[in-house]
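S.K.: Protein sequence lines correspond, in order, to chains A and B.
If you're matching positions, the first sequence starts at 1 in the UniProt record's numbering and goes up one per residue.
If you're matching positions, the second sequence starts at 1 in the UniProt record's numbering and goes up one per residue.
Bear in mind the hints are in silico, worked out from the structure with no lab data behind them.
All values derive from a computational prediction rather than experimental measurement.
No residue lacks a Cβ here, since even glycine has one placed at the ideal position from N, Cα and C.
Some hints here could point you the wrong way.
Derived DSS-like pairs: lysine-lysine, alpha-carbon spacing no greater than 30 Å straight-line [unchecked claim]:
(1) A/Lys-109 / A/Lys-211
(2) B/Lys-240 / B/Lys-100
(3) B/Lys-100 / A/Lys-182
(4) A/Lys-109 / A/Lys-182
(5) B/Lys-240 / A/Lys-109
(6) A/Lys-182 / A/Lys-211
Just a sample of chain B residues kept apart from chain A, beta carbon distances all over 10 Å, derived [what the hints assert, rightly or not]:
(7) Ile-33
(8) Asp-38
(9) Phe-55
(10) Phe-146
(11) Val-153
(12) Ile-209
Taking beta-carbon pairs under 10 Å as the criterion, some of the chain B residues facing chain A (in silico) [as the list claims (entries may be wrong)]:
(13) Phe-17
(14) Val-25
(15) Trp-70
(16) Thr-72
(17) Tyr-194
(18) Gly-197
(19) Ile-249
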Amino acid sequence: MIPSIPSSRFFRVSYLSYVTLFFIFLITPLVVVAAFSFNDALFPSLPWNGFTWDWYLGKGDPRLGLFHDDALLDSIGVSVQVAIVTTMASLALATCNAFLFEREQFPGKNFLYVLMLMPLVIPGVILGVSILVFSSTVANWFEVQFGYEVEALRPGLVLVTLGQFAFLTTIATLVISARLRKFDITQEEAAMNLGASRLTAIATVTLPFLKPALFGAGVVAFLMSFENFNTTLMLVGSDAPLTIAMFDRLREGSTPVLNAVSVLLMVGSACLALVSLFVQRPAKP
Amino acid sequence: MSKANGNFNRTQFRLGFWLLLAPIVLWLSLLIILPHIDMVLVSLRERIASRQYGFSFGNYTAFFTEPLYWNTFVRTAVMSILATVLTLIIAFPVSFYIAKVLTGRPRIALFILCLLPFWVSELVRTYGWMILLRETGLISGALQWFGLADQPVEMLYNDVAIMVGLIYTSMLFMVVPLVTTLDSLDNSLIEAGYDLGGSSWNVMRSIVIPHAMPGIMSGCIVVFMLTLGNYLTPTLLGGKSSLWFTEQIYTQFITRFNWEQGAAFGILLLILSSLIVWLGLKITRQSFTRVMS
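In isolation and in its complexed conformation, chain B is listed as follows (with noise of 0.2 Å):
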């Protein structure tokens, strides 16, 4: 706009920019820079006496030296994974139908209905889990009116029972990328494909996969990062058991008090997020601008 318009003066449009910019920079700073950079101090000294407080890595040794503290982060983590190639198995084929398979308003419709889930809040979605699975629930229930199980069979509180949730609360954010990049292949190329006598399998791994990466790799790093922050889904599905690493960040805040430590699981976890997201992109070439907008 700036060369457009010769008509309006020099000095406004500087006096604008400067409006335009002052808020985002408050927000940014005093929203997100600043408290990390607060959390990196916090975590990096040590409680001395009463009000006094020394330099000290012994937050960080603390967290390498015992072991429920490393256990919990790397399960954590591996859990994470596991979850997002989970959820990318199931959603894949559901989006490739709706993308691929489905035409006009029975289209838009299934797409709709895979959002639907996501307009509730993540605590009702996990406590319709509770409900399927805890002892006096419907799939106990159903077990034993079919004759499968003698007495009532308790599904939560188990590792299996935060995986399920785990899936269901990310579902959405693996669908809708998926479908978006499948959306853009053009179906010439799938019957191309074939019709130079590709397998289904082969016509799969080389023309669909390929194209649909942006998408599947957007999807992955959304979902593993959001699973890897999750605290609603592990607690109540997981119970006593869950051992996830928000969990201990939780404890260390608001129950022990003792923000030195917390603060240093917080710099561990965001680390680990980071590097994932980071080695995510570096494997696939895409740009961070590119595929959070």
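This is chain A alone, in the form it adopts within the complex (with noise of 0.2 Å):
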């Protein structure tokens, strides 16, 4: 069973033939969409007719490449503002409640960490639907009260992105308080002692020690609020993020213009995933 441990032949090449099936079932179904955004043919099914740029380059209909179609151009903008605010305004959050369950003693603070918990257990519809429910509540009370529309609190970019907000902070403070734990505080104390003011000894020596989980938490967020789907489903108004126009697309039957689009999407998410391994490789302890 482990390699201390003698065991049969026959045991051990079922055993690795095994996890070799397990991840080539992981990998296929990313492999043949990334191959089918290539195919010269207006699906992205059989039969393979033969290499082809169009469905990144192609000009104009049927063809669309994604470099010219100005609908999926314009969701991937949506997105990526939508993701931007999301995160700073996380990973702001998020270090406020690092430093509030880290530092402070208060009643109540183990029951204020549980409710923070929470939206990790909440289904992504359901925190969608109750924030739908709820802003509607607001945006027709102060109709009624002041005969004046609130347009941010009706499907919009606005709840959105304050959606995905609820979620993403919970996550950002897990990881942005496992490495303030690790923090030595008198480091603090030692520059307060040399004459800084707490805020200047957060600010040059707590603040910089957290950067490389502040940058990790960062990019967790970022490539979740990008391919939220479940809780931007319920909030969404006319402008559509990506996840939510690829649905669309989806449903109608698209075409393999959706692979490259999925193409870019690992790229983009790869190129992420190493920038974030090197900024924390230096300045691991």
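Hey, can you piece these two chains together into the complex? The hints should help.
M.R.: What follows is the structure in structure tokens.
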């Protein structure tokens, strides 16, 4: 079973083939998606008609390539905007939360901590729906009381951002707290003994120490916001982020341009993952 | 920090505390607590006339009296449990291989390979399975090529396709906790089990699995939650026959604009998922804060 325990050749070979099969299962769908973005056919299916760049560079119907498909490019832009705002906001709040939970003692702290973890166990659809219901209640109340329509509280990008922020903050808080726990507080005290104010000490000593965690949490938040579907679906208005735009196309039965988008997503997240590995490595204690 | 530093004044510290507390309270109350309370309120009302609402349990009784709703709910729960069990069975040997059989670089490489598919979105993963399973897809093509089928075979839009998609989508959330807990098991304990004459099966049953239990449970809870709340995979791979409960919620909210009924469905799903998570934690005596952090 483990290398130090002798086992039959048959067992070892069948175990290895099981693991190999598992990885084939894991990787095949992705390889297939990538491969069909280069198939010279109108549908992402067999037969294989040869290699083409059309689904990236094609200029017009019926072979509108990704880089000329304005609707898809716009939706990528929307996703990037939403992801940047959500990431920034959730990092800011998560840093506050980390300091609160790691440094302060106060009554009800455990209760607050459990509440903070709640978004992890609320299904995305329900989180989206509850925010939709509540924001519309508030918007209706404003309308009745002041006769003023708060556009931001109706389905749209503001709500999408808020919905994603609601659960990404929890994930970011966990990552940043874990790092802050490892910080040796005497460093901060030394800085203050040398005359730094508390804020200066945090800004010059503690925050640089947290940087790898902030970056890691930022990458995770960005990617999760970019690919979020369930919460976004419930809160989306007329501007569709990429996942929603792709979903609508998929239901219409789309061309391999979606495969091209998928390849772009794979390359994008692989690059982000590599960069985050690179940034986090030298700072490791 | 409060005790160690006498040299900065107390009011400043309290102000700092309130400044840290305010954002989290705002976040939790405005985006988590109040929305859910509001959803409960909406689920308990009934439209009497235009813009006129009264209190009623009607949305809940509608759920229990309409077999379609009820069946979809039970079906979603059963399929989610099945998907969780199958994911565990498939993932366990692989996690054991990574944690216990491999060492050094191959080990890290395989672990990262496990994570790779999950850096691309769920939509792309599901889309990959659509290309594989559809009538004109790769598996159908391969079957014809090998002469095992004489015409295109449609493999999408059935429960097996949904199941494959669900298992594929949640694999990561099972493998990671399993590898972590198996990793912390000392190899000498396994060797001792053999030295004392235990068979592979006995060692597995009385040493490895009890040790891995926290990982097994946290993996199962997360996978179950994500499967139950999944919308994309059942809808795309199951087509019209998917009958997933989140789809019912979507239909009530977005298609029919019956928010009262949709809110009731949402609450029911939330109760079901909390109940299962609570049961899982009780059975394994785990604490919520430990499993989730």
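S.K.: Please go over all the hints and tell whether each is borne out by the structure.
M.R.: Now the hints, each set against the structure:
Between A/Lys-109 and A/Lys-211 the alpha-carbon distance is near 26 Å, which keeps this suggested pair within the 30 Å criterion. A distance of roughly 43 Å separates the Cα atoms of B/Lys-240 and B/Lys-100; the hinted pair therefore is violated under the 30 Å criterion. Between B/Lys-100 and A/Lys-182 the alpha-carbon distance is near 28 Å, which keeps this suggested pair within the 30 Å criterion. As the CA atoms of A/Lys-109 and A/Lys-182 are separated by approximately 20 Å, the hinted pair is consistent with the 30 Å bound.
Of the pairs offered as hints, the one joining B/Lys-240 and A/Lys-109 is violated, with about 47 Å between alpha carbons and a cut-off of 30 Å exceeded. Distance check on the hinted pair: A/Lys-182 and A/Lys-211 sit about 13 Å apart at the alpha-carbon level, within 30 Å; holds. Chain A draws B/Ile-33 into its interface by the beta-carbon criterion, the shortest separation being 8 Å against a cut-off of 10 Å. Against chain A, the non-interface label of B/Asp-38 is violated: not every CB pair exceeds 10 Å, the least being about 4 Å.
Distance check on B/Phe-55: its Cβ is at least 16 Å (rounded) from any Cβ of chain A, clearing the 10 Å threshold; non-interface status holds. Annotated as non-interface, B/Phe-146 keeps its C-beta farther than 10 Å from every C-beta of chain A; the closest such distance is 14 Å. Look at B/Val-153: its CB is around 12 Å from the nearest CB on chain A, clear of 10 Å, so calling it non-interface holds up. With a least CB separation of 13 Å from chain A, B/Ile-209 remains clear of the 10 Å interface cut-off, as annotated.
Nearest Cβ of chain A to the Cβ of B/Phe-17: about 6 Å, under the 10 Å cut. The hint holds. At its closest, the beta carbon of B/Val-25 sits 8 Å from a beta carbon of chain A; the interface hint therefore holds under the 10 Å criterion. At its closest, the beta carbon of B/Trp-70 sits 19 Å from a beta carbon of chain A; the interface hint therefore is violated under the 10 Å criterion. Taking 10 Å as the C-beta cut-off, the interface hint given for B/Thr-72 is violated, the closest approach to chain A being about 14 Å.
For B/Tyr-194, the interface hint holds, the least distance from its beta-carbon to any beta-carbon of chain A being 6 Å, beneath 10 Å. For the restraint placing B/Gly-197 at the interface with chain A, the shortest Cβ-Cβ distance is roughly 13 Å, beyond the 10 Å limit, so the hint is violated. The restraint placing B/Ile-249 at the interface with chain A holds, with a minimum CB-CB distance near 6 Å, inside the 10 Å limit.
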